[in-house]
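Undergrad: Now for the letters of each chain:
Protein chains: 2
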Amino acid sequence: MRFGVNYTPRVGWFHHWLDFSASDVARDFDAIASLGVDHVRVFPMWPVVQPNRTLIRRAPLDDLERMLELAAERGLDVSVDALQGHLSSFDFVPAWLTSWHRRGMFTDPAVVASTADYVRAVASACAGHPNLLAVTVGNEVNQFTGTVHPEPYPATQADVTAWLDAMIGAARAGAPDALALHACYDATWYDDTQPFTPAHAATAGDLTAVHSWVFNGTAQRHGPDAFETVAHARYLVEISRAFHVDPDREVWMQEVGAPRNVLPEGSVVPFLERTVAELAGAPRLFGITWWCSHDVSRSLADFPELEYDLGLIDEHGRVKPAGLALRDAVAEARARRPALLETASPELILDLDAVGGRAALAPGGEFWKRYMQTARTAGHPRVVLADS
Amino acid sequence: MRFGVNYTPRVGWFHHWLDFSASDVARDFDAIASLGVDHVRVFPMWPVVQPNRTLIRRAPLDDLERMLELAAERGLDVSVDALQGHLSSFDFVPAWLTSWHRRGMFTDPAVVASTADYVRAVASACAGHPNLLAVTVGNEVNQFTGTVHPEPYPATQADVTAWLDAMIGAARAGAPDALALHACYDATWYDDTQPFTPAHAATAGDLTAVHSWVFNGTAQRHGPDAFETVAHARYLVEISRAFHVDPDREVWMQEVGAPRNVLPEGSVVPFLERTVAELAGAPRLFGITWWCSHDVSRSLADFPELEYDLGLIDEHGRVKPAGLALRDAVAEARARRPALLETASPELILDLDAVGGRAALAPGGEFWKRYMQTARTAGHPRVVLADS
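Protein chains in written order, with the working numbering: chain V, 724 to 1111; chain R, 724 to 1111.
Heads up, some of the hints might be wrong.
[What the hints assert, rightly or not] If you want a taste of the chain R side facing chain V, the calculated C-beta under 10 Å gives, among others:
#, residue
1, D742
2, N775
3, S1022
4, Y1031
[Unchecked claim] A short list of chain V residues far from chain R (calculated; beta carbon distances all over 12 Å):
#, residue
5, D742
6, P770
7, P783
8, R826
9, P873
10, E874
11, P875
12, A889
13, R895
14, P970
15, D1025
16, F1026
17, P1027
18, H1039
19, G1040
20, Q1096
Just so you know, the hints here were simulated from the structure itself, not pulled from any lab data. Ideal Cβ positions, reconstructed from N, Cα and C, are used throughout, including at glycine.
Using the sequences provided together with the hints, build the complete structure.
TA: Here is the structure:
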């Protein structure tokens, strides 16, 4: 089981790509390595690398390569996301896709081809580095479509299938030896209007990424210390695995964090410990990558309040109690994992149509309740699709 | 009368701010200086300098200062625009003003205060340079409001008054010895739904900037070689002057260019020569700044076709016939200007309400026809508001 953190640069947040400092990154990676992790997930910014549709700048790709080297020097592997895209409430979209140039991000042929060029260029820049772990198409790319976004780029499920084929293909073409995958926020699992579907998540690329955020209604509904709240990450792993076609396919808990808007400070460490403990018994779990390494500096404006305090390390570089707790929780999970994997799991049948679609999977939904009831009393069930 | 060009960097277009090369800028300025101009108008990119609302990066301001030095070494003064913002069909807006963070660009108090911080920072960076000529709030800032924009930021006329007060104030606070002004596209003059009004153009800041683009219907209506087409720039100078309260206030033809979508190649040089000749007799004309220095490289995608060929210098650095023609036309205009200014002008009364509002000023409108008829037969009239 891999254990890592999502790297949020301490100085300048992701705007550091505009003022890349190898010494800042080195210092941040020193702090991250001290947590005992084996990898970082990193996030180039799309409009910085590709400001014009046919201009892919070399300088930030060189900086990305330097980042991989600095990670390697500290024993860290690197997972790279390409299309950012969406980060902590901000949407970074190149000018050639907005306003007068607004076109189908997922559907316009020229846009899709050029976006694939970008993904391939990012992957290719990293491909020569032995510590490259994975290339993700982008962070929660499904944020840009569906009915929730204020300015969505429309896409059908078929559009998404074609788009993912192009993007996963580009990632593989650029970095043939790395894992290729895509990442979605949980509307994929919980919202029937979302054209990125469970089937996309469970079949595109080399493994399934899930992102667990209990501010999605879970913690509000059940409270910060409830079983449902600390089991949410594991639940996502189990429902995503149900949609796998390949029984050997793995799931990556690529983002999970402790949002203070729903977790009082006293609940943060227990939430971490219990979330990791619940995950520890999940079969085919590739790894856990915590969000995030560093707090967002209070000198930066306009983040939702909860985004400032998600770090394992504070904005001054000090490891927070959560950082130490996570290090210990992961060590314990690793030790307990072999025994947990030998425990028999109950089985739970999921008939998605019969249960009312994806809304039944969402916090408080009919299937959600059934799962949590089973998990609480008999251990986390293995979810099996009714028609499989 | 000042004569300059709008500087469109030959390599990377305005994306050069991400990869600033002093040697590239020096080479571009050498070519521009060879045209006999006395100034350049330059355009930092807002999201590059201020990627977070409370983060104003130093590096691009240092680059801007280097640009002023390189201009000074070639005898060029510099006019700097702050809020880009809108450039050649692309809108560059920071992520903190779009999507989930979309707020009133002209109305949200925090946004306005932070935008003023940016304008002041740009002005302040330039203030110590003796060749700083002017600070413009931004290029055609009224592009972002009114009814034409696909995603407008709403503003009332009163909002614009307050916003301009803040921005002109910020420019003056940053660079007390430079001219401070704002710039609009011609909807200000021609479109009654546009909250940036003639009165704003004619009273805010130290002089009035006008931008003349005959693809606005003028050349389509009258043809590439018609009097109306070559007189359009002068017309804008005269109608803007009508709204002046201060009789000594000057008008700056800050952008005028020869768009090939409405001008066949054979009409370009005559258009240049005649446009400058018509402008030459305009009283209180501060200067003419041609759009633009360099063609946009064909390696960059998605520009409207007309935007690629507006340069006086081609994408390989060769001065085009239009560049040589403009140099000669300006020399001739300077020589003829004293005599032209002594010629008596007919007077034309403009009662904007009676004539039907700003639409009457637009190409083909009632007042437009009256003006052009007078200008063609008796010389460019002095326009006087009915109630003044």
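Undergrad: Starting from the hint list further up, note which numbers the structure goes against and sort them upward.
TA: Hints 4, 5, 6, 7, 8, 9, 10, 11, 15, 16, 17 not satisfied by this model.
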